[in-house]
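Visitor: Can you make the complete structure from the sequences, with help from the hints?
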Amino acid sequence: MQSPFGPQILFHLGPVPISEAVATTWAVMAALTLVSWLGLRRARPDGGPLQAALEILVTTIEGQVRAVLQRDPGGYMPLLGTLFLFLAAANLSPMLPGVQAPTSRIETPMALAAIVFLSIHWYGLRNQGLAGYLGHFLKPNPLLLPLTLLSEFTRILSLMVRLFGNMMSHELILAILVYLAGFVLPVPFMILGLLIGLIQAYIFTILATVFIGAAIGAVDS
Amino acid sequence: MISALGAAIAVGLGAIGPGIGEGLALAAAMDAIARQPEAAGTISRTLFVGLAMIETMAIYCLVIALLLLYANPFVG
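So the sequence lines, in the order shown, correspond to chains X and H.
37 is the number of the first residue of the first sequence in the numbering used here; add one for each residue after it.
1227 is the number of the first residue of the second sequence in the numbering used here; add one for each residue after it.
Since the hints were derived computationally from the structure, they do not count as laboratory data.
A portion of the hints provided could be inaccurate.
[Said to hold, decoys possible] Covered by chain H, per the in silico footprint, the following chain X stretches (three or more residues, Cβ under 8 Å): (1) 94-105; (2) 188-201; (3) 242-253.
[Said to hold, decoys possible] Which bits of chain H does chain X cover? Going by a derived footprint, with three or more residues having C-beta under 8 Å, they are: (4) 1266-1272; (5) 1285-1295.
[What the hints assert, rightly or not] Cβ pair distances, simulated, as ranges: (6) H:G1238 x X:F219: 25 to 35 Å; (7) H:V1289 x X:I45: 15 to 25 Å; (8) X:R80 x H:L1239: 54 to 64 Å; (9) X:R78 x H:N1298: 54 to 64 Å; (10) H:Y1296 x X:P182: 30 to 40 Å; (11) H:A1241 x X:L161: 30 to 40 Å; (12) H:F1300 x X:R107: 41 to 51 Å; (13) H:V1289 x X:W158: 40 to 50 Å; (14) X:I151 x H:M1256: 30 to 40 Å; (15) H:V1289 x X:A66: 23 to 33 Å; (16) X:M65 x H:L1295: 30 to 40 Å.
All C-beta atoms, glycine included, are put in the ideal place defined by N, C-alpha and C.
Guide: Here is the structure:
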């Protein structure tokens, strides 16, 4: 069986190897862009069904982010909304035959976690200033500074491994089931995979929101 | 061979604690929603974040098991 840690190289683009997960990521990005373009190319107050569906989606995400951050989510929606839409699409992509979820290889969650890690500090610095942001590491007690610094890294690590572990283990279970009884038995587990994929996308996004909220001083984490 | 055993023990034992913890958290959240259904949105959002935190322990065990199975540092 192939290791979930090693990349599956699909082809080489010059000297750069392109793995299967990266190619799927590009396809997901293209599909999302296409759907948004189709739905919002002629955006009107009385738009069509696709525009209405996209509006419902955006307002729902906005409401969730607003409830966690407790302030206007406008500046955070480009990151968090895209994160959720991309993750939902990427986690549900194995429903198409022959496609493997890019999130079930370690490189995609790693890249997303790195983005979240950098944006936490970016938003924190922009909102609280250098002194205020560095000061929030000293709260509640300066003695806990090593632990607060450590938790900055461990929570990002667990964010990454949570997404990767859930998606990968689900895929592994499906593979074992197909090997044992390949006909009807995997179907309920694939339906469960729909739920797992959406919940993991939601959890990743909401945790990123909570971390950003803690960095900008809106939430006590 | 022994590393496969180690992986099984890591996941098997490591899943017990988070399992109990998630059960307790879910039971408390159910109780809270039953008492106060209008706060269901806030409760379930907090519950999801909390469950994710509890789950972290099980996920660390899963990582150790995967490392033992696929990228064992003790096998040359």
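Visitor: Taking the hints in turn, state whether each one holds.
Guide: Results of checking the hints against the structure:
1. With 3 residues having a Cβ less than 8 Å from any Cβ of chain H, the stretch 94-105 of chain X passes the three-residue criterion, so the hint holds.
2. Residue count for the stretch 188-201 of chain X with a Cβ under 8 Å from a Cβ of chain H: 4. That meets the three needed, and the coverage hint holds.
3. Residues of the stretch 242-253 of chain X with a Cβ under 8 Å from some Cβ of chain H number 3, which satisfies the need for three, so the listed coverage holds.
4. Chain X is given as covering the stretch 1266-1272 of chain H, and this holds because 3 residues of the stretch bring a CB closer than 8 Å to a CB of that chain, at least three being needed.
5. Counting residues of the stretch 1285-1295 of chain H whose C-beta sits closer than 8 Å to any C-beta of chain X gives 5, which meets the bar of three, so the coverage hint holds.
6. The hint said 25 to 35 Å for the Cβ distance between G1238 (chain H) and F219 (chain X), and at roughly 30 Å that hint holds.
7. For V1289 (chain H) paired with I45 (chain X), a C-beta distance near 24 Å keeps the hint of 15 to 25 Å intact.
8. Take R80 (chain X) and L1239 (chain H): their Cβ atoms lie about 59 Å apart, and the range 54 to 64 Å holds.
9. Look at R78 (chain X) against N1298 (chain H): about 57 Å separates their beta carbons, and that is inside 54 to 64 Å.
10. Look at Y1296 (chain H) against P182 (chain X): about 32 Å separates their beta carbons, and that is inside 30 to 40 Å.
11. Take A1241 (chain H) and L161 (chain X): their Cβ atoms lie about 39 Å apart, and the range 30 to 40 Å holds.
12. A C-beta distance of roughly 50 Å is found between F1300 (chain H) and R107 (chain X), which places it inside the suggested range of 41 to 51 Å.
13. Range check, V1289 (chain H) to W158 (chain X): Cβ separation about 28 Å, and the 40 to 50 Å hint is violated.
14. For I151 (chain X) and M1256 (chain H), the Cβ-Cβ distance of about 35 Å falls inside the hinted range of 30 to 40 Å, so the restraint holds.
15. Range check, V1289 (chain H) to A66 (chain X): Cβ separation about 32 Å, and the 23 to 33 Å hint holds.
16. In this structure, M65 (chain X) and L1295 (chain H) meet the distance hint of 30 to 40 Å, their C-beta atoms being roughly 32 Å apart.
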